[in-house]
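The task is simple: from the sequences and hints, build the whole structure.
Chains as they are written, first to last, in the numbering used here: chain F, 1 to 359; chain D, 360 to 857; chain R, 858 to 1201.
If you're looking for bench data, these hints aren't it; they were derived computationally from the structure. Don't be surprised by glycine CBs; every beta carbon is placed ideally from N, CA and C.
Going by beta-carbon spacing under 8 Å, a handful of chain F positions derived as facing chain R:
hint, residue
1, MET43
2, VAL51
3, ALA53
4, TYR158
5, GLY163
6, THR165
7, LEU255
8, LEU257
9, ASN259
10, THR262
11, LEU265
12, ILE304
13, ALA308
14, SER313
15, THR314
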Amino acid sequence: MKNKLKQIFKGGLGQLTIPLIAIALLVIFNLIRDPSFFSIELMHNNDGNIVLAGNLISIINGASELAVLAMGMTLVTAACGGQDISVGAMAAIAGSTFVKVLKASPSITGITVVIAFFAACVVAMLFASFNGVLVAIFKIQPMIATLILFTCGRSIAYWINGGATPTVESPIINAIGGFIPGIPVPTPVLIVIAVAIIFALAFRFTSIELFTQSVGINGSAARLNGINSTFIKLLSFIILGACVAVAGSIAVGRLGLINHETILLDIEMDAILAVAIGGNSLGGGKFKISGSIIGAYVIQMLTITLYAMKVSSTDVKAYKAIVIIILVVIGSPVIKAKFQKLMNRIKDNKRKVSVKGAE
Amino acid sequence: MEHELLEMRNISKIFPGVKALSNVDFTLRKGEIHALMGENGAGKSTLIKVLTGVYQMDGGEISVDGDKISIRSPQDAQNNGISTVYQEITLCPNLTVAENMYIGRENGVLVNHKSREKSADKILQELGIPARSTQQLGSCSLAVQQMVAIARAVDMKCKVLILDEPTSSLDDKEVNMLFKLMRDLKAQGVGIIFVTHFLEQVYEVCDRITVLRNGELVGEYLIEDLPQVELVAKMIGKDLDELSSLSEGEEKNYDNAEVFYEATNLSSSDALSFDFKIHKGEVNGFTGLLGSGRSESVRAIFGADKVTGGTVKIKGEDVKVTKPLDAMKHGIGYLAEDRKRDGIIADLSVRENIILALQVMKGFFKPISRSEAEAFADEYIKVLNIKTASRETPIGSLSGGNQQKVILARWLLTHPDYLILDEPTRGIDVGTKLEIQKLVLKLAEEGVSVTFISSEVEEMLRTCSRLIVMRDRHIVGELKGKDLNQAQVMKTIAGGES
Amino acid sequence: MKKKIGSLVMATSLTASLLMSACTTGGGAVTPTEPTTPDEPAVVADDPAPAADGLIKVGVVNNPPSESGYREANVKDMEAVFSEANGYELKTAYSLKNDEQLQAAQGFITEGVDYLLISAAETTGWDEVLKKAQENGIKVYLFDRMIDVDESLYEAAVVSDMAAEGDTAVQWLLDQKLDEYNVIHIQGAMGSDAQIGRTGALQKQFDDGKMNCVVQQTATWDEAEAKKIVETAINSKQKFNVIYAENDGMAKGAVAALDAAGIKHGVGQEVIVMGFDCNKWALRELKAGNWNYDGQCSPFQAQIISDLIQGKTTASSKKIINQEKGFDATTITDDDINTYGLGE
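So this is what it looks like as structure tokens:
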């Protein structure tokens, strides 16, 4: 047991240790509280599809936007050593563009949805490159650079449709946010899997991981090895822009409407937290996308648990903050070092005890 | 018996794996300006940090005015009248001069601004510093900021004032202002420790010189007893002869060999215009003291700093090298002087560090596969005898010498035609030094051109067939053939006829 | 240097956001413009009598239309009623910030409008401006929101009675004569007028034990949050037959959760769905029988004020309650949707 623990802390799972332990604790806590908490059942929804339902599905489904944004945020964090706080506002812009194009077409077909999504992607990537240029070329701190869109992004989203909560009615849109007929798994979950696969392929077929980490860890050395750090930083923002478009489109799909003031509100903070809980340094450098994805599910599981406990949703934020502080502090280098020391001392004591015993 | 102002006896400081100081003595007298000299890694800054409480010494004793003291923190040092003004200004540019002079020294929360400004003005006036107490510090010139930092120290009743490279970013006029202030303080009985790499300045203002080398005391000299050329010799050292098995004096002439690289009037943001060429298979060196411009010159060749002018020919063809990738594509590799800052990607594994440059050259969309990368890493770990737990170990946890070998592996993997090695042997053990020197000669035999820079002249004499000597950012001489000997090098570095 | 760029960006971002708010409003927040009569020469007169061309000059200080669907309809209504065709010259200023609103009102007074219409961002700080208006003989009407000043400073306030909206809705619910009332109550942003008013009547039923509160949560007007709340209730196997959402968006979120779980809702189904605000799309859901009830929160105060200005009606008291309806899915008509529906 001791050896296993040691192994886990020494490497093994490495930075994924904390988020995995967090998930395990939440699962155990919920199982004790309500053994049926994670029960999953098949049921008919109102469109006549057979679908999966249950808290677990709600958690995995509900965290989709967050998971997608956390993936993009991880890259920006790694390359630039800072975070984009405008993702929520940009998602409002992307979602509004999505809705705008859909409403402009006479009838909503698969093709119009694809066109609308690409339009949303292009717009989001443009806004993201605006952030990227400020950070990569003008060397402005990411949080300050993205403050601009954070402040005015939702107003821009309002302009796009010129109405407060435009709605779109279409089975295709419902399918994006809900279920594709015949598939019992919520579509957003499938989208997250698709995005994760795209990331994995990008890491496999380009050098983005190595270059991003090099730029993030030691920009000066990366430059002297011929890496164009401006390009890498800009690229990370553009990829985040694509993630934002995906998240915005999912959010629109869920309800068939966009409220520019509330869509994915405060999600930037959750996305940054997901990155941090995932064991990634917010100061940039080495990263693990998988950590951030797990982080996103930790946050969502926490939220759903608190709802299930009928904690008032105004209080949920406070509870969430407490749990997250604990997680982040446990993951901090100071505590890790202390823990290592403690382990060593326990080991020493045991050795002494056994030596004494032998005498 | 009369006690000296500051006496440091048998000071030792050990870092993991390195003995940074061993039994060093240092004495500072009242009203004296004392230069502390030595090349990088000689132990100057470690000694200063021990004295100021940044490091705890592992052995030895320090006394001030004959009283033995223990210095456990910078605060202790200050309380004992030891103040430091660092190379980079450590004051707050957005506060006023007066605020900077008193920050961190007040007791209690309430501050009387008026009286504070008055007393600040008084001190500034006494020391002849051209600044007003209410002025924002950032609006003063760098020299004045330095002087305000000194004034702060003086006002804290310091007896020992340490000036660590205070002149490195000042112009001649400002340096003179600073020297005047130093002489005034000297007259008041303050003992000043002056750390600099400008030899002329030492001879202009100092009374005594202490020279360190490799963490050991070389000696203490009165300024008039130690001519400049001897000082250089003492700093660089002449011993270290167990390595002399390496080919020395074997004269090679490359004048007829193919010129691989040729620059005319090359200049960068940090290097003055210079001409340079290197032949295929030739090993040349840039020498000169730290700050002489040797690193800046090779950085210009590699495009590491912004290139501002000049033409470059590679294999006789005109090419543009304005950024590192250009140089790399033309077969140039560059091992940077500051390994930590410009070389290693500390958190990444040995494998990732080794393939980095090759990967960059292959391009973004052609990643080296994992198995290929592992094969490369294993190969070079073996060839260069890199001591690492595994190829997945973060490079940051390797020893300096092994880190350097990993960076060398990174460049060797790109199969360069021309390799620039800036201080590849600094701060690493003797055995590894020898390995690296051998490697350089082997590469040259294989037809690779190498530029080799080292602060140890011996090392360069052994490896290079041509030495370019720099002083004050200008090339002052080129030595080859029979001129390639210690005495000639020293003379050229020190300059003049002395 | 880095710092300088940083502060430069901060400044730009502030300016950008200012510009932004100025542009969204279609006119300067601080310097009011005249959107309806752009080619009219500005007549500056201290005399509050109608301008030479006979148009009544009205200055409206309001929140920006981007605030909500409600505000959007409100702004449109104002522009439609106080049109040139109806004998008005309209000047507007929109801001979410009280001090900007105050400046705009000040500007209208100096410009010399005849009437000042105000929907204030905050209830305090208006004394001085309203006094100045009175001194200049400008008549003040408040709409939508009350201000904390002496009644003598304004002619009348045309407002919604949020508590009455709640009462109407709860009365409708009681009229359904269900055997049991198991209610999921989704609240708006806590402390807002709408939330307090719409919660009141229902809370009384809970307190009296006439209805059973299954879940009471705030979703702070967020559709997605509302969906999560209902989803969690379903997952925990809570029994409920009424969803009382304090606006349309949250009702829509709740319905999305019901749909996903295969729970039937609407007329004659398991779960009754109630919303507020009467967005057009929501009323259409009502007409289709997917929802059961939608309570109005009327943004249409302009006609009442216009009638008062033109003397067609007189105010019986200073506070005029804007009559508001509740719509039942079984009785709603297309006419209702077109007349009372907001948006589009």
